[in-house]
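Student: Since the structure of chain H is provided, determine the placement of chains U, F and D on it from the hints.
One letter stands for each residue in the lines below.
Protein chains: 4
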Amino acid sequence: MIKAGIIGSTGYAGAELVRILLNHPDAKIVWYGSRSFTGQPYAEIYGSFFELVDEACLDDNMEELADAADVIFTATPQGYCASKVSEDLLSRAKVIDLSADFRIKDAARYEEWYAIHHPTPEFLGEAVYGLPELNRDLIKGARLIANPGCFPTCSVLSVFPAMKAGFIEPDSVIIDAKSGTTGAGRGAKVQNLYCEVNETVKPYGVTTHRHTPEIEDQLAKAAGREIAVQFTPHLIPMNRGILVTAYARLAKDVTEQEIRAAYTEMYGDETFVRVLPEGKVPETRYVRGSNYADVNVRVDRRTGRLIMMGAIDNIVKGAAGQAVQNMNVMFGLDEAEGLRLVPECV
Amino acid sequence: MIKAGIIGSTGYAGAELVRILLNHPDAKIVWYGSRSFTGQPYAEIYGSFFELVDEACLDDNMEELADAADVIFTATPQGYCASKVSEDLLSRAKVIDLSADFRIKDAARYEEWYAIHHPTPEFLGEAVYGLPELNRDLIKGARLIANPGCFPTCSVLSVFPAMKAGFIEPDSVIIDAKSGTTGAGRGAKVQNLYCEVNETVKPYGVTTHRHTPEIEDQLAKAAGREIAVQFTPHLIPMNRGILVTAYARLAKDVTEQEIRAAYTEMYGDETFVRVLPEGKVPETRYVRGSNYADVNVRVDRRTGRLIMMGAIDNIVKGAAGQAVQNMNVMFGLDEAEGLRLVPECV
Amino acid sequence: MIKAGIIGSTGYAGAELVRILLNHPDAKIVWYGSRSFTGQPYAEIYGSFFELVDEACLDDNMEELADAADVIFTATPQGYCASKVSEDLLSRAKVIDLSADFRIKDAARYEEWYAIHHPTPEFLGEAVYGLPELNRDLIKGARLIANPGCFPTCSVLSVFPAMKAGFIEPDSVIIDAKSGTTGAGRGAKVQNLYCEVNETVKPYGVTTHRHTPEIEDQLAKAAGREIAVQFTPHLIPMNRGILVTAYARLAKDVTEQEIRAAYTEMYGDETFVRVLPEGKVPETRYVRGSNYADVNVRVDRRTGRLIMMGAIDNIVKGAAGQAVQNMNVMFGLDEAEGLRLVPECV
Amino acid sequence: MIKAGIIGSTGYAGAELVRILLNHPDAKIVWYGSRSFTGQPYAEIYGSFFELVDEACLDDNMEELADAADVIFTATPQGYCASKVSEDLLSRAKVIDLSADFRIKDAARYEEWYAIHHPTPEFLGEAVYGLPELNRDLIKGARLIANPGCFPTCSVLSVFPAMKAGFIEPDSVIIDAKSGTTGAGRGAKVQNLYCEVNETVKPYGVTTHRHTPEIEDQLAKAAGREIAVQFTPHLIPMNRGILVTAYARLAKDVTEQEIRAAYTEMYGDETFVRVLPEGKVPETRYVRGSNYADVNVRVDRRTGRLIMMGAIDNIVKGAAGQAVQNMNVMFGLDEAEGLRLVPECV
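Residue numbers (this note's numbering), protein chains in the order written: chain H, 1 to 346; chain U, 1 to 346; chain F, 1 to 346; chain D, 1 to 346.
Since the hints were derived computationally from the structure, they do not count as laboratory data. For clarity, every value in this text was computed on a predicted model and none was experimentally measured. Hints should not be assumed to be uniformly reliable.
Any copy, or any two copies together, can satisfy a pair, since identical chains are not distinguished.
To be verified - Simulated crosslink set (DSBU-like; lysine-lysine; CA at most 30 Å straight-line): (1) K140 with K164; (2) K28 with K280; (3) K280 with K189; (4) K221 with K164; (5) K221 with K28; (6) K252 with K280; (7) K28 with K252.
For reference, chain H alone in the conformation it holds in the complex (with noise of 0.2 Å):
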């Protein structure tokens, strides 16, 4: 039984964290940390834990909490995960990172991006990104998972076959994403109150959001370069899902049979991206609640363009469900345990 400790369990992916480590069948909750609710009863912040989980709320002793866990799950803000990682800490307890700290490898970039200091660059280079579809080896060994963001898990799959076949010109993918509302998180906003959020719909981080580098970082992976990509996510009325609609010119003459070809001999065996059949656009209700990303790709002869949608819940595989499916990779559990969520139909 693998004993989980959450840092910051309080929060939506937190949240989403205990949900699914509940029905885990090989892993258990030892520390539900919380800064801003130590000391209170768990199930007093989510009615939905009445009954199922008794503790309370611990604060935030990464010190305690690695001889108490062998995982730390680290659901907080930038730059609390950098400063606590220790050689350690990580000879204590793995710990899979939900924040952004050692997702992108040159500290630099981070700091431009972030604009927040990086503590403990030193450990950027051991840091696995964890992505099980393209980095399950790596993430088998590691130590520190720097868990996907939300928007990069769903763009990179949606993209990385095609930009890996050379079917698409590096520099021209274009990623138009749309949010459900808890990737705004639970902090006490104006913008975020329901009458603010509630029959509307709006850009956001245009041109600056945070989660560029780490998607041009992944998808230049993909191509064998550096590319720079137009990244605009919008929030949407509705608690969970990202979709996401990506365009791109053909690099070659190629089918669209040709290009679904390859995203199914790259995902044919992946238990949690499916390769919707021919004509078929994801929805994010399709995948609510589960770990799944839903993917399909359609030619536009008349444009030159591939148009690549990909569509996630947020909060599982675009966070605590993806968190899990690293759990499982690296101590060795059926990747899927623990995961195998049906995806409400509404």
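Tutor: Okay, now just chains U, F and D, sitting in the frame of chain H:
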């Protein structure tokens, strides 16, 4: 041209006052008061008003405002207006208070339900409860209006005629109300975040909601004696609208037609109360954005009860629209001036 | 391994049965019945099931299905199941009927409220009302289960203990219910279009809703005599969830603690009914996607009433989840098998 | 007083025409046409109009209507208006067609994208594309107006100035649009049920949406040559609103200030197009219920692209409001008459 000042113009009710007054042919806003945003252009708070309002927000100096304005709307937290009202102020400007400060005539009762000291109970007698359908003549000569609460407006309009006619047992009234989330205000609270309100419904203030004594006081006028009302509001995932479903035991052998006749008699000449055709139920969308209150009744022979239903837009007839209706009456204008807002269908 | 067949598998309750049974360790779906989509791959109807369900939809041949399955779920319109049930059928397969056909023991009463002829009243006596918290022992040996309606499930669980203990006046019960829109079914009707339901709330079936006699029949068992209940449902802009707010006059001098003790005594050992802590109100989101019913009570000394509140997911505990709970009891499995679904927090 | 007739008055765009015209000081509705509801009181279809519209629905007899009305609005499916227009009809009444029948000047191109025969191509030359910000002078003398589509209105207003100024590469334009669900119409289709649209987002009409050629034709005027545009709409869980996010490669070395100057030059005197302040993004809620189009641009130096953003209310500026704007221009009224609708804030 009536010069109007608004204290609390950046809250939801305040912004709705602005929306309505901008199209009012006989009124002009001279003071956009906002303690939180003093000095900031008003249109920066709500992009709706871009190019429509050029003014910046002013502070809440009611002394100065009383010189600049003919009428002051206070869309402020409980206690504010009561702390500012004085003989001198009322001699210089009329005041329409959208808070609860002057709605309950008994200061002790106010203090009991609101847990707040009333600093100026000497004005309770003068203040007129601003429900024009009940108090039109008193409003005409008033200097100080207690603009009704949103739930009381909808509840009283729905129940009054049946109570007045003696058709129902006074102490049997149970009011179950459903409210959109603008009713919770624009404060940055976790419980009002999009993801906490969307896809859920809950009761609140069960047995203790502060609108209870206000409803009781008004319905007592119909009953001719003090009464106790059961009132329970619920938070609904929508921005605007209140629906009231009220239940009472029939006190006499009366037909639905006779009861409907009492409603038609009371409201037949009213512009803003619509007695729906037999068998139709009120829906909040059919009054959305307008000053209408839609009401109807249904007799249940099987149980011996009368079901009274009403719908309003909580920030129009339940707040800003009613405040403007009161202003129109106070200044001798056509009562519907500036309020001929046709409800949207969708 | 229990072989399960579903008639009406493409409606919302049918699809939820599929979602639940796919993860049930001791059951397997052998028949995806759908009159509308016969021959079409089931996963084409709901993309959620892509790569999870390979089967195509079959017709509604219950004769053939009775040979293929150990248990048949009928998630069908009123009248269907009653027209198919026979001694021969029940001797070959157990039937769990999600329609109202066998819920009301008096055929005349059924025909009066449903305006439909009952073709097989001879099975009304045998059919067991499948609310395990009331009828567990009867369910164990049953061949034919009348799976309760969504409103009755929530209403009866909320009111039963207080009624049974004699704390409330039997004929004073008023139930005001709020339901998500899955309750309206998947038929293509204008009134259920997104734009007609979003941003509005309305009552429906006022004084005439068909779940009224079902609620009365069950609560009559608690009261020890026939009773009349006032029941009014409302349509809420959300997919899932029912909230019940029930009002009754206190029949004796009793404290909230004593009443809560009666609830705890009845539900203390129940897996799926959670009596919330004192002062907490049920919210539908805290049971979303799960088989839980959350209940609580509040005494109002001022009015002499008891307020009883309950929340369920209407298509889980109110339909498919309860059906599986019944199946588990009928087949001697752990009652919670396949139903340990943790509610989402957001 | 202009006498206006509406064919298709019970659809969403038709009802919005009614909402707007009821408050228009110089127009009066003389014909509420509805094939589906002929003979039924109009206010029974939408309770919003109770006590505001007493008329019953009439049929779609355009011959008779042409005698009764000065202007006919056809808010009808594709093909209807084209099948009715004749020299005789246009000599008796002006026609504003809200369908696509006369938007595309090349009948073959219309027939290719709409898969429908065009019966009266002889009027394509006369029909004026009713985007007043582009074609005001032509509209003044027109007898037949092709009222623009919702997506084209928002797309063209967002992109036109940059294209016209030569700032962007003509064939690089990618338009990613997000639309509220009124855009899907009021037909009873499963895919538009509340539960199928709520809590999800999806693309549709990928590479094939019929508004594509309309957008191309209008932007071609700015480019001075034929162009191909990539256009992808998405369905969003909200009633009203379209947001356009458009991407294009910069064609020259130009600053954001210079580009904004081009927008301000084109729209500075326009009542209904608001060029937002630098750094502000359009949000659909800030134009809700109004005839405004909010636009803004953002240069991305890093990628060498221009991002153009626009927001409208799809059934006001994208349909009924623009139709009334056209009527005002055609009849020599103040262009904003009846259209000074202030957007709601929430």
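Student: Cα distance capped at 30 Å. Does K28 pair with K252 within a copy, between copies, both, or neither?
Tutor: neither (50 Å within a copy, 47 Å between copies)
Student: Which holds for K280 with K189 at a C-alpha limit of 30 Å: within a copy, between copies, both or neither?
Tutor: between (37 Å within a copy, 18 Å between copies)
Student: Between copies, within a copy, both or neither: which fits K221 and K164 at Cα up to 30 Å?
Tutor: within (8 Å within a copy, 38 Å between copies)
Student: Between K140 and K164, at a C-alpha cutoff of 30 Å, which is it: within one copy, between copies, both, or neither?
Tutor: Within one copy only: 23 Å inside a chain, 55 Å across chains, cut-off 30 Å.
Student: Checking an output row: K28 and K280, CA cutoff 30 Å. Within, between, both or neither?
Tutor: between (39 Å within a copy, 28 Å between copies)
Student: Is it within a copy, between copies, both, or neither that the alpha carbon of K221 lies no farther than 30 Å from that of K28?
Tutor: neither (36 Å within a copy, 43 Å between copies)
Student: Checking K252 and K280: alpha-carbon separation at most 30 Å within a copy, between copies, both or neither?
Tutor: within (24 Å within a copy, 39 Å between copies)
Violated hints, listed in ascending order, are 5 and 7; each of the other numbered hints is respected by the structure.
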